[in-house]
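Student: Residue numbers (the working numbering), protein chains in the order written: chain H, 1 to 271; chain D, 1001 to 1272.
Check before you lean on any hint, since a few could be wrong.
[To be verified] Restricting the straight-line Cα-Cα distance to at most 27 Å, the calculated cross-link-like pairs of lysine-lysine (DSSO-like) are: (1) D:K1168 to H:K104; (2) H:K104 to D:K1246; (3) D:K1099 to D:K1168; (4) H:K104 to D:K1132.
Treat the hints as calculated values from the structure; they're not laboratory data. Predicted model, so just to flag it, every value in this text is computed and none were measured.
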Amino acid sequence: MKRLSWFVFFSIFTFSCLDQPDCYQLNNNVMVIAFKIIGGGTDVYNLAGVSTPGTDTVFLAGATGSSSVKLPLNPYATEIGYTFDGYYGGINTGEPKHLDLSYKSLVQFVSEDCGERYVFSDIAPTSTDFDSIRILNSVPTQPPSSNLEIYRCPRTNILYVDFVADVAIDSIKFGPNERVPVGATLSEIWLPLNLLADSSTYIFNYTDASFPDDTLKVTYLRTTKTLSPKCGVQNFISKLRYDTLNSSFTTPTLKEDSIYDLPKINFELTR
Amino acid sequence: MSSRANISLLFGLVLAAASVVQAQDPKKTQDSKTTPASKNPPSTSAQPSKNTPASKNGKDTKSTEPDTTIIKPSYLPTGVRVGTDLISLIRPSFDDTFKGWEINADVDFYRYFLALDYGHWEREWESEGQAKYSNSGDYWRVGADVNFLKKDPDRNMFFLGLRYARSKFSEQMLVTSTDPVFGTDSDLLRNDNVPASWVEVTTGLRVKIWKIFWLGYTARLKFGLNMADTPEMKPSDVPGYGRADKDSYWGFNYQLFIRIPTRKTPPLPTFK
């Protein structure tokens, strides 16, 4: 027993000296931003890239279908601005979005083997043109987990049409005078609904001039709702119907009778 | 090491110390019956001293009711024990990153001890030319120990205790760091007079070696580190505590003491 006691004593004494830190993953300089839709779920961002002053590096260039991004913080500064170039929710507005953040960055000596590390904390947004931002965790973690959620107001006017067979469309006319050139063969298309009326009509002009134009008229019920003061009063669409009398597509199939963001297929059409 | 591992180690250390004491105690008790010191009436409960109520009343020590004699514990201090941490003194000879010293003192109140420590340490580290760090500071601890060896005639100790500790230190770092995205940056950073506090659970032994000389060890589980905000850099090493990024930390002292008696040690108390 006595011998065992001394063994335990010296084992503990030796073990207490083993206080050298692990040099792996010392810095917590990666911040995670998740994209969300107000009142909805996860948003999807297709990025041409994210840039920030102080470096020529373009982060996440060409990242598609991202619901979250990991971005580095500058260890030598206490604020950073990101410019998000790309489009989100499937719509390319052509306008980059900005996010400016402030944070604390303190250097700490770790050990002779590991050197120093930078400890980041107190992340807070200072300005942005995104619709809304929520801080989940102001301290970046290791491994990285969500720090910020970027929200956008839901789009309530996207009608999702799926063509059973691909169609070559020259242009689409909707509204009294609005004609949008397409000039492509499509298997699906997103169409804007008229939120000021209870129906929308689209006239498809095909590339092959031998095909007559087809008309799609849909009717729906509009309900107003305020999800967030940031978004204001919005019209939400339900009870979507295919107007048989005023449409010319054959065998239309209603898949979803409400409008979703991200869009879900509302109609399957056969030319 | 995690807090749970630290607590397990502390528990293991307590067990080890207790078993050492247990292993030594029977022999000590046996020896005390034969050594002259143990024949001295004040050190045995079975034979009350002349200061005991029984002897003051002129009763013979061979009283017909020796077992019923009750000696109450005296809470008046019998001495001051002053010592130093030998590890802090020896360590600089084999660890050139450390300089320091520590003075320890305690005063007895029967089996309870008021403990005071004061120390100083300096650190100097360099990481392959990238960062050069140094700190310097003083610290003190105050707390109490409870001796669990109630019947040891020499008043040897196996104790558990608590400490409240404070430190004030300054540190500086010359750093050149390279970030793969944001490039290279050099800076000289300083934190001056940073206050810190923490709590310790202690355990250990104190053993009388010869006359007024005592040896002992103290194992410390330090936790609850609290520091003031430091705008320049994040503290790396807190004198008296250790690495500042640890939620809990181990400490170990191997101590040499001198005990200065202030009055004659009363006999060990007895109980019904």
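Student: When the structure is checked against the list of hints, which entries are broken? Sort them ascending.
Tutor: Those not satisfied: there are none.
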